[in-house]
Amino acid sequence: MDAPNSHPPFDILLVEDNPADVEITIEAFRRSRKGNHVFVCHDGEEALDFLFQRGQYSKPGTAPRPDLILLDLNLPKKNGVEVLEQVKTDLRMKGIPVVVLTTSDREEDVARCYKVGANSYLTKPVQFDDCLKLVEDIQQYWLQISKLPPKNNTAP
Amino acid sequence: MGQALTSEVVMHAVFMDLILGVVVVIAALGASFLASAPVRDSLKELLGFVKRVDAGESRGEELESDLAEVNDVGRLLSDLVKRVEEAQVKLARAQKQLKATQKEMDEHTYVISHDLKEPLRGIEAFSKFLVDDYRDKLDEEGRHCVDVIRNAALRMQRLISDLLKFSRLGHQRNPFETVGLNTMLIHVRVNLQYAIDAKKVDLRVDKLPTVLCDATAMTGVFHNLISNAIKYNENPHPVVEIGCEEKENPPTGPAEYVVHVRDNGAGIEPEYFEKIFQIFQRLQRDDEGTGIGLTIVKRVIEWPGGRVWVESEFGKGTTFYFTLPKRGLKETQTATAMDASKTTANGRAELAPTV
Chain A
1 MDAPNSHPPF DILLVEDNPA DVEITIEAFR RSRKGNHVFV CHDGEEALDF
51 LFQRGQYSKP GTAPRPDLIL LDLNLPKKNG VEVLEQVKTD LRMKGIPVVV
101 LTTSDREEDV ARCYKVGANS YLTKPVQFDD CLKLVEDIQQ YWLQISKLPP
151 KNNTAP
Chain B
1 MGQALTSEVV MHAVFMDLIL GVVVVIAALG ASFLASAPVR DSLKELLGFV
51 KRVDAGESRG EELESDLAEV NDVGRLLSDL VKRVEEAQVK LARAQKQLKA
101 TQKEMDEHTY VISHDLKEPL RGIEAFSKFL VDDYRDKLDE EGRHCVDVIR
151 NAALRMQRLI SDLLKFSRLG HQRNPFETVG LNTMLIHVRV NLQYAIDAKK
201 VDLRVDKLPT VLCDATAMTG VFHNLISNAI KYNENPHPVV EIGCEEKENP
251 PTGPAEYVVH VRDNGAGIEP EYFEKIFQIF QRLQRDDEGT GIGLTIVKRV
301 IEWPGGRVWV ESEFGKGTTF YFTLPKRGLK ETQTATAMDA SKTTANGRAE
351 LAPTV
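In order, the protein sequences belong to chains A and B. Each residue of the first sequence is one higher than the last, beginning at 1 in this note's numbering. Each residue of the second sequence is one higher than the last, beginning at 1 in this note's numbering.
In case anyone wonders, no lab produced these hints; they're calculated from the structure. Just so you know, even glycine gets a beta-carbon here, dropped at the ideal spot from N, CA and C. Check before you lean on any hint, since a few could be wrong.
Capping the alpha-carbon separation at 30 Å, the derived lysine-lysine pairs in DSBU-like fashion look like this [to be verified]:
(1) A:Lys115 <-> A:Lys78
(2) A:Lys133 <-> A:Lys94
(3) B:Lys103 <-> A:Lys34
(4) B:Lys316 <-> A:Lys133
Just some of the chain B residues that point at chain A, by a computed CB distance under 8 Å [to be verified]:
(5) Pro38
(6) Glu118
(7) Ala125
(8) Phe129
Quick list of the computed label-pair ranges, beta carbon to beta carbon [said to hold, decoys possible]:
(9) A:Arg92 <-> B:Asp132: 50 to 60 Å
(10) B:Ala100 <-> A:Ser58: 34 to 44 Å
(11) A:Asp90 <-> B:Tyr134: 28 to 38 Å
(12) A:Ala20 <-> B:Glu104: 46 to 56 Å
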């Protein structure tokens, strides 16, 4: 009855260039004790390599198709919106929920992200306790409450 | 800043032109009075010419007077008109530039405040990790140091958030709408209920007008002024009173409302009357406030051309005044909006079942 990926651990791709933010987010995941796997890419190009299993991620098994993508906007090389655009225009990728997680709360950024297919837009809190709460909420909503598309479904 | 100077220079030039013109006219007229009948005719002609110029009907037209002096005055006048017009164009351009610069500055402030948040998140989180994971290894002094770091980070966070709020006022303006201030104050009161109850504040609101304003920003103005009046009020029976006076012909310009928020707190010394409106200026240390409230009030009120000021007798209380223009509000609109505000204020429960 359940889709094959409806149980943890889930694979989460975190796209974030700021080392402190990476550590903070990973620590929040660790403290939330859900046992999900978090993969980290540090710029937009690396994220696309990971998702399309090419470049340093071309070896099979190094980059599983994630169940959820957490995407920062301000990234080196290719920025978050460019990554989002490529994910949402690719038939195999577009089903993966993308949660934009960024410092910006500019209306233009919010509008642009939703326009190119973001599934959610969240702003990073400053206080760690709030970050922890946010990471718990993200996992609860996207991985427990929501029903995700089957992981190996490549059908358009 | 450069733009402000430019517009001052332009204004100065306009005034100098005007003064020069008036002097020339008076001198010419005085000289002409020495002559007789033809002078009167020429003067009439000159007057007609000036009137046409004044009504905007004439620009470079020549006078056909027999008196050379009158013709000269006429030419000077039309020249003067041209120069004033040029100066006006320059002034308008400078003002436009000033606005653009201000907008750009707000944009920069917004971006910078956002960028400042990023390292701050690191400081906050990692000092927390230090406390959480190394508590046993730190002695009391060490733990105190980390606490100080975290408190400083929190304070900086508040400053940055307020700066963001302030810059947002500059580049995200809401359209003006017709607002009944009494209705608005009902909401403000609800938001401040906790503080009002805690200090047993007697909040008195007179009958207030309906005005055309940015409702969100104006709510913030009242919220800031009333919460200040409560927060810094150590009177055992704190009273905050809000009222309004209508000025039909103020010396400052068109008709306006003068709204006041009065408290019976400790008062402010005159030397701080200006300073309290500056960004991040506070008269006493407190843990929550950053000192942006009155700066925001000033900005919201001054944007459409209003004024805000404070009057206070030290030890007796403080009154904040601000003006709201009466223009742009038709009488009929006033009536309907007033009725609407009455309905919402008193009769929401009665209305609800019929809907």
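Results for each hint:
1. A:Lys115 <-> A:Lys78: 18 Å, holds
2. A:Lys133 <-> A:Lys94: Satisfied, since the Cα-Cα distance of roughly 27 Å is no more than 30 Å.
3. B:Lys103 <-> A:Lys34: 46 Å, violated
4. B:Lys316 <-> A:Lys133: 47 Å, violated
5. Pro38: 71 Å, violated
6. Glu118: 6 Å, holds
7. Ala125: Check passed: Cβ of Ala125 of chain B comes within 4 Å of chain A, closer than 8 Å.
8. Phe129: 7 Å, holds
9. A:Arg92 <-> B:Asp132: 50 to 60 Å: Violated, since Arg92 of chain A and Asp132 of chain B (Cβ atoms, about 41 Å apart) do not stay within the stated range.
10. B:Ala100 <-> A:Ser58: 34 to 44 Å: 50 Å, violated
11. A:Asp90 <-> B:Tyr134: 28 to 38 Å: 45 Å, violated
12. A:Ala20 <-> B:Glu104: 46 to 56 Å: 30 Å, violated
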